[in-house]
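A.B. asks: Sequence:
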Amino acid sequence: MPKAYWIGHVTVDDPAAYEAYRQANAAAFARYGARFLVRGGALEVVEGQMRPRAVVIEFPDLATARACYHSPEYQAALALRRPCSIADLAIVEGWESA
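Counted from 1, the sequence shown has number 52 at position 52 by UniProt numbering; the numbering is strictly sequential.
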């Protein structure tokens, strides 16, 4: 079964408030086996447009990635993020190579 990923592009308007979101989301990510592959590192846009912060989070599979997003733990964290940032987020199924 292929892994799945959250791919996010974020603009943070209030870094202190965003830190509260980061601390709050840890419970959901631990529960659902999430692993950060990209978390706000250096970013160079070479085509198109993106928000200044990129995030890629790996999950064991698509069902788990979806369950994490809809979980009460993540929804509580999301309530902290929305007032201090704007995000584009997709849940994407990975490709399983032979």
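Bear in mind the hints are in silico, worked out from the structure with no lab data behind them. Just to be clear, a hint being listed does not mean it is correct.
Said to hold, decoys possible - With beta-carbon atoms standing in for the labels, derived distance ranges: (1) ALA17 <-> TRP95: 33 to 39 angstroms; (2) LEU89 <-> MET1: 30 to 36 angstroms; (3) PRO72 <-> GLY48: 32 to 38 angstroms; (4) PHE36 <-> ILE86: 27 to 33 angstroms; (5) GLU96 <-> PRO72: 26 to 32 angstroms; (6) TYR69 <-> GLY40: 29 to 35 angstroms; (7) HIS70 <-> ALA17: 20 to 26 angstroms; (8) ASP13 <-> GLU96: 22 to 28 angstroms; (9) ARG31 <-> SER97: 24 to 30 angstroms; (10) VAL45 <-> GLY94: 33 to 39 angstroms; (11) PHE36 <-> PRO2: 14 to 20 angstroms; (12) VAL92 <-> GLN49: 15 to 21 angstroms.
Unchecked claim - Pairs of lysine to aspartate or glutamate residues, derived as EDC-like cross-links and limited to a Cα-Cα distance of at most 20 angstroms, are as follows: (13) LYS3 <-> GLU96; (14) LYS3 <-> GLU93; (15) LYS3 <-> ASP61; (16) LYS3 <-> GLU44.
Please read these numbers as outputs of a predicted model, since none were measured by experiment. All residues carry an ideal CB built from backbone N, CA and C; glycine is no exception.
A.B. asks: Just pull the numbers of the violated hints for me, sorted ascending.
C.D. replies: Checked against the structure, the hints that fail are numbers 2, 4, 6, 8, 10, 16, while the rest are satisfied.
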